[in-house]
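Line order of the protein sequences matches chains A and B.
One point on numbering: in our numbering, the residue at position 170 of the first sequence is 170, and numbering is uninterrupted.
One point on numbering: in our numbering, the residue at position 230 of the second sequence is 1230, and numbering is uninterrupted.
The reader is advised that the hints may include incorrect statements.
Claimed, not checked - Ranges of calculated distance between the beta carbons of each label pair, as one might list FRET restraints:
| hint | chain 1 | residue 1 | chain 2 | residue 2 | range |
| --- | --- | --- | --- | --- | --- |
| 1 | B | Pro1351 | A | Arg359 | 30 to 40 Å |
| 2 | B | Arg1340 | A | Asp282 | 24 to 34 Å |
| 3 | A | Leu224 | B | Leu1301 | 51 to 61 Å |
| 4 | B | Gly1302 | A | Asp282 | 56 to 66 Å |
| 5 | A | Gln112 | B | Leu1350 | 27 to 37 Å |
| 6 | B | Ala1384 | A | Asp282 | 38 to 48 Å |
| 7 | A | Ser358 | B | Leu1390 | 56 to 66 Å |
| 8 | A | Gly228 | B | Gly1038 | 54 to 64 Å |
| 9 | B | Pro1351 | A | Ala111 | 46 to 56 Å |
| 10 | B | Pro1351 | A | Glu107 | 13 to 23 Å |
| 11 | B | Glu1346 | A | Gly229 | 37 to 47 Å |
Because the hints were derived from the structure by calculation, they are not lab data.
On a predicted model such as this, the values are computed, not experimentally measured, just so you know.
Even for Gly, the Cβ is constructed at its ideal location relative to N, Cα and C.
Next come the chains, spelled out residue by residue.
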Amino acid sequence: MIIYLDHSATTKPSAGVVEEVRRTMQLCYGNPSSLHAMGLDAARILSEARSTIARSIGALPDEIIFTSGGTEGDNQAIFGIWEASKRQGRTVITSAVEHPAVLRACERLEAQGARVIYLPVNRQGLIEPEVFQNALTSDTILVSLMHSNNETGAQMPIEAIGRILSEQDSAAVFHTDAVQSYGKTDLDMRRLPVDIVSLSAHKIHGPKGVGALYVRGGTKLSPLLAGGGQERGFRSGTENVPGIAGFVQAVREQSDHPEERRRHLADVKSYLRERLLEEISDVSIHTPEESIPSILNAGFPGCRGEVLLRMLEQERIYVSTGSACSSKKAGSHVLAAMDLDPASAEGALRFSFAEENSREQMDRVVEVLKTAVDSQRKLRESFGKGRR
Amino acid sequence: MKGEHVYIVRCGETALKGQNKPYFERTLAQRIRRVLSGFPETKVERSDGLLFVRTTDAVRAEDVLRRVSRVFGVDSISPAQEVDIGGTADEQALSMLGDTAVAWMKAAVADRGNLTFKVVSKRADKQFSIQSPDIASRIGGRILRECPGTRVDVHDPDVRLHADVRRGFAYVYEQKISGFGGLPLGTNGKGLVLLSGGIDSPVAAFLMAHRGMLIEAVHFHSYPYTSRQSQEKVRELAGILSVYCGPVRVHSINILPLMEQIAQRCPEEYTTILVRRGMVRLANLIASENDCSMLITGESLGQVASQTAESIVVVDQAADRPVMRPLIAMDKVDIMETARQIGTYETSILPYDDCCSVFLPKRPATKPSLEHVLSAEALLDEEAWMRQALESLETEAIRPRDEL
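Let the sequences and hints guide you as you build the complete structure.
What follows is the structure, encoded as structure tokens:
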């Protein structure tokens, strides 16, 4: 029996999604831009998909652009806003704990003359609104801050930051990467004070290689790709119709009893958290109270996360680690930004949950993990003592 | 001659081997046939100390040159034009050879623009009445007259055109593509290399194979303390080696049982040397089961703590057969340079642990005495760790990826 706890990396596509992708590939293979009936069939699938995705976040269909996923969405948002607004200012605000798709994109902007401010986080891994407020200037054209962090699950104070932007009457465009939050917490564009949001299908049991970008009406954005002008000119290239159909199927399944699903995730997470603290000595929890229900990050000082990962893998339990094993590789930039005890960061594991995970599974995880932690600590201790 | 490509292959040292000469040449011809087995209708023939490769003209020259030049025992290879002069009067033969040389130079000028040249000639058939300097100067004269855009330069020519006369055939050729030299694989037994995943051990294996030794490999890992990716890297390295050495059998053994025992029972400073002795003991077993008469390591004197003269003496004492250390007196930069040449460097530097740093002692003993190490080793339950380690043994034959 496999216990898969790496849902923040990717999820298993649901049976309904697989069927929907297969069906669309086989039956509706027309190009949505074709003028004949088969093109129209495909265009209809797109149009319905757009409405469904829009409805899931309280947006208008015209505000949805289909993309290849989170990385493209982040890149499109950052480069697109920069191109459209760089004459109004040169300052970009982001944080030290963003996904690499945002951090590397911002580094490219720096090479083009942008001044990029990387906000620090506190020991909880959270951005503090006051810190943001102090960084904000009239020269700021872009703010890109994630909705929730992919390593710790920390949920950022996006609403408070949006309020500051409007109080200061800032002209900056506000982008948020909500890839981890989508389906795990409410995302309602009627209330959330952001302009651009990146979403991805494969984190919610959809297919890989498809996602969406929400762009609030009136936002100035330059396209990345030149071509046939699909997606209202924002995203040229024949649309990934089967992928989009699968994405929408996943969204429909998520919107079935959403509260119940989230309660289940939160229950599994808090159960694992408690059991870890009870059963294993000296565990530190890196996930703050303000977090999405699908991620728990914990540190086991005296161990190396990568070795624990492989010990769990031997029992067919799959987790992930942000921290580094070898000194040749850089460690997790997220845990480093949180200024944790190095031993705790070195022994960090990320558990990420989905509907299929259960308390019983967590009992098994804790049992295996306890043995793994004990044996590694024992080995390290006996070794470290300089016997004789 | 039409529809056929001819290559002259020179056998380096094998030509010097006296009575063994036919055996080495035969083995070399077999090796060349094997690397060209993917090309049907290819022939490899021996004639007076040279090998001749003939392929259909559908086979691209670069494929033949690349494959043959990396066969150990090949000194160099040249694509050539063959002229059949059997039963022809010598003057007539020289004129035919001249025609071919002129055509070659015309093609070269059309391809590369104006060229300086020099004709070099060799007369292997001493029955041929025209002497080498005369052959060269008469053919050179014809090229100058008949081939516009050419000029003689005897010191630094763009083209050094060879016109060789052998019994029954003459040859025109230009480049010599160097091979690795050495001796054909299989002419010097079989050795077992301790392949770590680092830069050195693949180079050591290459150098021994270059002297005709067949190669098997043993890799020690300590999963889950080391990663699957680092084992994957060793397979990758074996794949690169197999391009030169033929399919390489890789034996993988998890040495964690030994490391755990050392951690629990022995003084920390001897960890590295005890692990290395343990690896050698396991290698003895693998070598004897697989008819490998020697072990091969990538050790280089003084490179790290476990490779000081004292450490090597202590490790060597655990071996029950000769240990070849072809890198022992090489500098690291030269080892790296060779690794780049054979194509293992980029894979070797991938950052995966080959020996988990959990087990690296803070102050390793650099000048261990055999007596102290032996008394530390006596604290181990050798029977137990060896049995546990051997339970993890996996063997796989790795083949070159471009020749599957």
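Numbered hints the structure breaks, given as an ascending list: 2, 4, 6, 7, 8, 9
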